[in-house]
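Chemist: This is what each chain is made of:
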Amino acid sequence: MRITRFLTAWLTVLLLAWLPLAALAQQDDPGQALLESLDTRAYDDKAAAIQTIAASEDERARRWLETLLDGKLQRHKDTGRFVIVIDNSGRNWPAIDALTFEDAGEISRRDLDRIGINNALRNQLRSVLAVIDLYAESADVRLASAMRLLGEVDETLAGSIDDLIEEEPDAEVRRRLTQALAIYRVENGETEAVEALAGSLHPRVRVALGRAAASDDPILAQSAQAGLDDIEQNLRINRAAETLYFGLSMGSVLVLAAIGLAITFGVMGVINMAHGELMMLGAYTTWAMQQLLPGQPGLALILSIPAGFLVAALAGVAIERSVIQFLKGRPLETLLATFGVSLILQQLVRTVISPLNRTVITPEWMSGSLVLNDALSLTLNRLYVMGFALVVFVGLMLIMRRTRLGLEVRAVTQNRAMARSMGIRATRVDIMTFALGSGVAGLAGVALSQLTNVGPNLGQSYIIDSFMVVVFGGVGNLWGTLVAGLSLGVINQVLEPWAGAVLAKIMVLVFIILFIQKRPRGLFPQKGRAAEG
Amino acid sequence: MRTMQTRKENRVKNSTLSPRWLAVALASLGMAAPALAQEDPIKVGILHSLSGTMAISESTLKDTVEMLIEQQNEQGGLLGRQLEAVVVDPASNWPLFAERARELLEQKEVDVIFGNWTSVSRKAVLPVVEELNGLLFYPVQYEGEESSQNVFYTGAAPNQQAIPAVNYLHDQVGVERWVLAGTDYVYPRTTNRILEAYLKEEYGVADEDIMVNYTPFGHSDWQNIVSEINRFGSEGKKTAVVSTINGDANVPFYRELSNQGIDAADIPVVAFSVGEQELSGIDTGPLVGHLAAWNYFMSVDNDDNYDFIDAWIEHTGDEESVTNDPMEAHYIGFNMWAEAVRKAGTTEVDAVKDAIIGVTVPNLTGGYAAMMPNHHITKPVLIGEIQDNGQFDVVWQTPSTVAGDAWSDYLPGSRDLIADWRKPMACGNFNVAEGTCGGSTAAEEAEAALAE
Numbered sequence: 258m259r260i261t262r263f264l265t266a267w268l269t270v271l272l273l274a275w276l277p278l279a280a281l282a283q284q285d286d287p288g289q290a291l292l293e294s295l296d297t298r299a300y301d302d303k304a305a306a307i308q309t310i311a312a313s314e315d316e317r318a319r320r321w322l323e324t325l326l327d328g329k330l331q332r333h334k335d336t337g338r339f340v341i342v343i344d345n346s347g348r349n350w351p352a353i354d355a356l357t358f359e360d361a362g363e364i365s366r367r368d369l370d371r372i373g374i375n376n377a378l379r380n381q382l383r384s385v386l387a388v389i390d391l392y393a394e395s396a397d398v399r400l401a402s403a404m405r406l407l408g409e410v411d412e413t414l415a416g417s418i419d420d421l422i423e424e425e426p427d428a429e430v431r432r433r434l435t436q437a438l439a440i441y442r443v444e445n446g447e448t449e450a451v452e453a454l455a456g457s458l459h460p461r462v463r464v465a466l467g468r469a470a471a472s473d474d475p476i477l478a479q480s481a482q483a484g485l486d487d488i489e490q491n492l493r494i495n496r497a498a499e500t501l502y503f504g505l506s507m508g509s510v511l512v513l514a515a516i517g518l519a520i521t522f523g524v525m526g527v528i529n530m531a532h533g534e535l536m537m538l539g540a541y542t543t544w545a546m547q548q549l550l551p552g553q554p555g556l557a558l559i560l561s562i563p564a565g566f567l568v569a570a571l572a573g574v575a576i577e578r579s580v581i582q583f584l585k586g587r588p589l590e591t592l593l594a595t596f597g598v599s600l601i602l603q604q605l606v607r608t609v610i611s612p613l614n615r616t617v618i619t620p621e622w623m624s625g626s627l628v629l630n631d632a633l634s635l636t637l638n639r640l641y642v643m644g645f646a647l648v649v650f651v652g653l654m655l656i657m658r659r660t661r662l663g664l665e666v667r668a669v670t671q672n673r674a675m676a677r678s679m680g681i682r683a684t685r686v687d688i689m690t691f692a693l694g695s696g697v698a699g700l701a702g703v704a705l706s707q708l709t710n711v712g713p714n715l716g717q718s719y720i721i722d723s724f725m726v727v728v729f730g731g732v733g734n735l736w737g738t739l740v741a742g743l744s745l746g747v748i749n750q751v752l753e754p755w756a757g758a759v760l761a762k763i764m765v766l767v768f769i770i771l772f773i774q775k776r777p778r779g780l781f782p783q784k785g786r787a788a789e790g
Numbered sequence: 468m469r470t471m472q473t474r475k476e477n478r479v480k481n482s483t484l485s486p487r488w489l490a491v492a493l494a495s496l497g498m499a500a501p502a503l504a505q506e507d508p509i510k511v512g513i514l515h516s517l518s519g520t521m522a523i524s525e526s527t528l529k530d531t532v533e534m535l536i537e538q539q540n541e542q543g544g545l546l547g548r549q550l551e552a553v554v555v556d557p558a559s560n561w562p563l564f565a566e567r568a569r570e571l572l573e574q575k576e577v578d579v580i581f582g583n584w585t586s587v588s589r590k591a592v593l594p595v596v597e598e599l600n601g602l603l604f605y606p607v608q609y610e611g612e613e614s615s616q617n618v619f620y621t622g623a624a625p626n627q628q629a630i631p632a633v634n635y636l637h638d639q640v641g642v643e644r645w646v647l648a649g650t651d652y653v654y655p656r657t658t659n660r661i662l663e664a665y666l667k668e669e670y671g672v673a674d675e676d677i678m679v680n681y682t683p684f685g686h687s688d689w690q691n692i693v694s695e696i697n698r699f700g701s702e703g704k705k706t707a708v709v710s711t712i713n714g715d716a717n718v719p720f721y722r723e724l725s726n727q728g729i730d731a732a733d734i735p736v737v738a739f740s741v742g743e744q745e746l747s748g749i750d751t752g753p754l755v756g757h758l759a760a761w762n763y764f765m766s767v768d769n770d771d772n773y774d775f776i777d778a779w780i781e782h783t784g785d786e787e788s789v790t791n792d793p794m795e796a797h798y799i800g801f802n803m804w805a806e807a808v809r810k811a812g813t814t815e816v817d818a819v820k821d822a823i824i825g826v827t828v829p830n831l832t833g834g835y836a837a838m839m840p841n842h843h844i845t846k847p848v849l850i851g852e853i854q855d856n857g858q859f860d861v862v863w864q865t866p867s868t869v870a871g872d873a874w875s876d877y878l879p880g881s882r883d884l885i886a887d888w889r890k891p892m893a894c895g896n897f898n899v900a901e902g903t904c905g906g907s908t909a910a911e912e913a914e915a916a917l918a919e
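As you go down the protein sequences, you meet chains A and B in turn.
My numbering numbers the first residue of the first sequence as 258 and each following residue consecutively.
My numbering numbers the first residue of the second sequence as 468 and each following residue consecutively.
One or more of the hints may lead you astray.
Claimed, not checked - On the chain B side, residues computed to face chain A include the following (Cβ under 8 Å):
#1 Ser526
#2 Leu599
#3 Gly685
#4 Glu702
#5 Asp715
#6 Asn726
#7 Asp750
#8 Gly756
#9 Asn856
FYI, nobody ran anything at the bench for these hints, they're computed from the structure.
All C-beta atoms, glycine included, are put in the ideal place defined by N, C-alpha and C.
Please build the complete structure, drawing on both the sequences and the hints.
Modeler: Shown next, in the form of structure tokens:
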């Protein structure tokens with residue numbers, strides 16, 4: 258007991274002695290003055306302060322500049338203490354002290370003043386950090402900063418880069434540094450440097466060569482022009498490849514959206530206007546999954562593939578049992594009834610969940626792009642969706658061709674009466690087929706959640722396109738859907754740059770109308786007696 | 468003037484001829500008796516879509532007005548009477564807006580309407596509120612080129628949003644090439660026409676340095692356009708995108724921007740239709756630094772604003788709910804109307820219309836908003852940069868408030884027009900050059916817009 262009391266007293270004394278010391282330390286810390294120079298309204302003064310911090314020998318400089326870049330460097334309104342905010346969501350933010358990096362507890366956002374930056378400062382900070390990072394351990398970091406410095410090299414930097422090139426062990430970093438230096442030299446009128454830029458597709462290189470080609474020095478202008486022509490030639494090829502990629506990726510979205518419909522509409526002949534809403538359900542399943550598994554968006558996304566399929570398939574069964582089965586053979590009524598179902602589903606989501614769009618997080622491994630060269634990079638999320646579309650297509654193909662269900666489906670659609678007399682339970686097949694088509698719509702929804710808004714209107718924007726693809730490809734033919742989707746995507750993306758998005762869409766529609774006039778059964782008409790009926 | 472008189476005559480003729488109107492008039496006569504007792508609540512109509520595509524934006528505005536009414540009632544109401552919200556749902560259907568407005572004014576007999584989001588819905592409602600002499604407070608930024616004696620525009624006119632934003636980009640950021648990207652409908656087309664004229668006239672921007680691009684509503688495949696913007700922006704001159712892309716299409720647009728690695732520091736996008744609420748549907752990490760021009764941001768450091776946010780969070784019961792610019796516009800509009808009613812001592816439309824001009828109320832950014840004679844208000848213009856928490860950080864603002872200009876000075880057709888609803892001028896499109904009042908053509912324009 259006595260010992261405890263003694264200890265408490267001792268600790269209090271220690272604490273009391275330490276407090277003013279800590280305050281003193283804060284005042285004496287040269288960092289405080291450095292940070293204070295950042296706390297000014299004028300962006301010019303801030304820019305100067307950033308240079309001072311970068312030039313200071315303080316080892317905390319890099320972290321300060323980084324947090325400043327992230328907007329996390331803030332100042333307490335009352336105490337004037339600088340803190341680094343760890344998490345700025347909600348109303349109270351956890352923070353650490355900016356000088357000591359010790360925990361500073363939670364602070365109300367009302368009490369904090371952000372050290373604001375704008376895009377110009379952001380650029381400056383990135384360049385400053387890039388210069389610091391040139392000396393980093395990791396080759397990747399050095400490469401990123403070398404890329405960053407393309408077109409940003411100035412006189413003072415040129416000398417040190419020259420030295421760095423000598424010492425650089427990594428070939429790729431060396432190449433970038435050489436380019437960065439060459440751009441600086443070309444801009445200063447050195448003709449020999451043009452050679453080092455040959456073959457590079459980086460926009461900064463092109464800009465530098467373009468400026469050089471317009472210069473007064475005829476020799477420089479000529480060699481720059483030659484280099485430029487070379488680059489333009491190369492760029493054209495890349496641009497064509499890019500358009501093709503855009504077209505295929507748009508096409509694969511169309512295929513995904515339409516392929517479920519190719520089964521319900523194409524194979525079963527049911528005009529399901531609620532198909533888009535089944536996709537919406539799939540997308541909302543992804544959102545719900547991510548809510549259930551916070552912090553693991555990737556895992557949630559993978560789990561939503563089966564979950565989205567199931568949810569949409571069950572909804573499909575419900576629609577089939579409650580509406581469609583009573584309207585067999587009456588396409589107009591089916592159309593109207595399912596349109597009603599689609600409106601009901603939309604409004605249901607609006608009232609139950611929210612009329613607002615939901616945030617679906619894109620997992621790390623799906624964001625960004627796959628860089629092939631400086632002029633051509635493929636966006637990862639679309640690359641994944643393309644792969645997914647292909648897998649779904651192959652899967653469906655296998656089910657239709659290789660499984661008993663597929664056989665029964667084909668039998669029932671070709672001759673219902675005959676199939677029934679052979680012992681196939683046609684009603685069950687109807688349910689299964691509709692569930693399959695709906696489930697695939699759910700899969701499309703899961704994929705779309707990575708590309709577009711997850712909201713009550715998601716389905717509406719795809720329903721017309723889906724019908725278009727199925728009709729164009731030939732009703733009842735999965736191959737037709739694949740070819741039609743991909744080719745419509747490519748046609749659209751080829752037209753878009755010179756016709757504009759609105760006109761391109763109209764032109765595609767007109768094209769399809771004309772095509773259907775010529776070939777009413779689409780690209781790949783179904784053959785045989787069943788198709789005649 | 469003449470046209471207005473003719474319309475008045477028409478109205479009288481209509482009213483005597485239509486049995487339906489007679490019935491309504493009789494019914495309202497019957498209702499008028501208890502109203503004299505001053506115990507009836509003041510009815511506030513709310514005309515915002517609660518279903519359909521626009522529900523995403525408009526449903527929060529309905530909640531905002533309801534919250535403001537609640538707050539007013541807690542303070543004892545207005546003129547000793549309680550306020551009552553009358554909510555109708557025009558379901559994002561433009562002609563239905565006109566019907567619902569008529570219902571509010573004729574059957575529900577509201578004293579004022581807060582409503583509309585899209586320009587086309589406002590154009591649909593306009594002839595109705597003019598015919599039935601109602602009051603409409605319209606809270607959204609719009610393309611201008613309009614001033615009706617029955618409408619109060621509490622959102623920004625182009626000179627309160629687009630033009631200052633372009634000034635900022637040119638003067639502070641040093642932008643020389645411009646991409647004007649918009650959704651294909653009346654607001655972006657008019658705004659971009661004004662901006663194009665302004666850029667050429669004021670800054671001498673060449674034709675090849677302006678790229679104009681329109682996309683359909685809800686456009687979701689931005690690959691080509693974004694890569695085109697990227698090419699346009701890597702020609703060596705500083706480039707910015709001025710975006711009037713509307714609503715849902717923004718999410719895939721920003722997603723594509725970040726996936727193609729276009730950084731705000733290289734090609735900033737300044738948006739006029741992206742606010743806190745739109746951002747709450749996106750992961751904003753990759754968007755940090757892109758800009759938006761508004762007259763209010765949720766992040767504005769001001770006690771009135773913090774109180775408003777706290778009240779809003781309490782009203783919605785959702786810790787995550789955000790406030791945005793049109794909500795502030797309703798806040799200002801509601802307080803202006805309440806002040807005008809107090810000043811006039813009645814909710815009678817003509818008296819309120821006269822009383823409200825010159826009324827000044829605090830806004831949420833620490834300043835004041837005044838109702839101008841052209842039925843637009845004074846607003847500060849703020850430029851904000853997107854942060855990783857879905858909020859904006861104000862990087863620039865106009866030194867003082869800017870008065871809304873109903874008729875743009877940069878379009879040949881409207882250069883000489885002004886609006887002034889004070890007597891004796893009382894004209895929405897007075898031609899200064901000719902010295903005549905053109906007569907309000909808003910109703911005809913609305914018909915033309917609807918016919919499209």
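Chemist: Each of the hints needs a verdict: does it hold here or not?
Modeler: Comparing the hints with the structure gives:
no. : hint   : result
1   : Ser526 : holds (5 Å)
2   : Leu599 : violated (29 Å)
3   : Gly685 : holds (5 Å)
4   : Glu702 : holds (7 Å)
5   : Asp715 : holds (5 Å)
6   : Asn726 : holds (4 Å)
7   : Asp750 : holds (5 Å)
8   : Gly756 : holds (5 Å)
9   : Asn856 : holds (5 Å)
Of the numbered hints stated above, the single one contradicted by the structure is hint 2.
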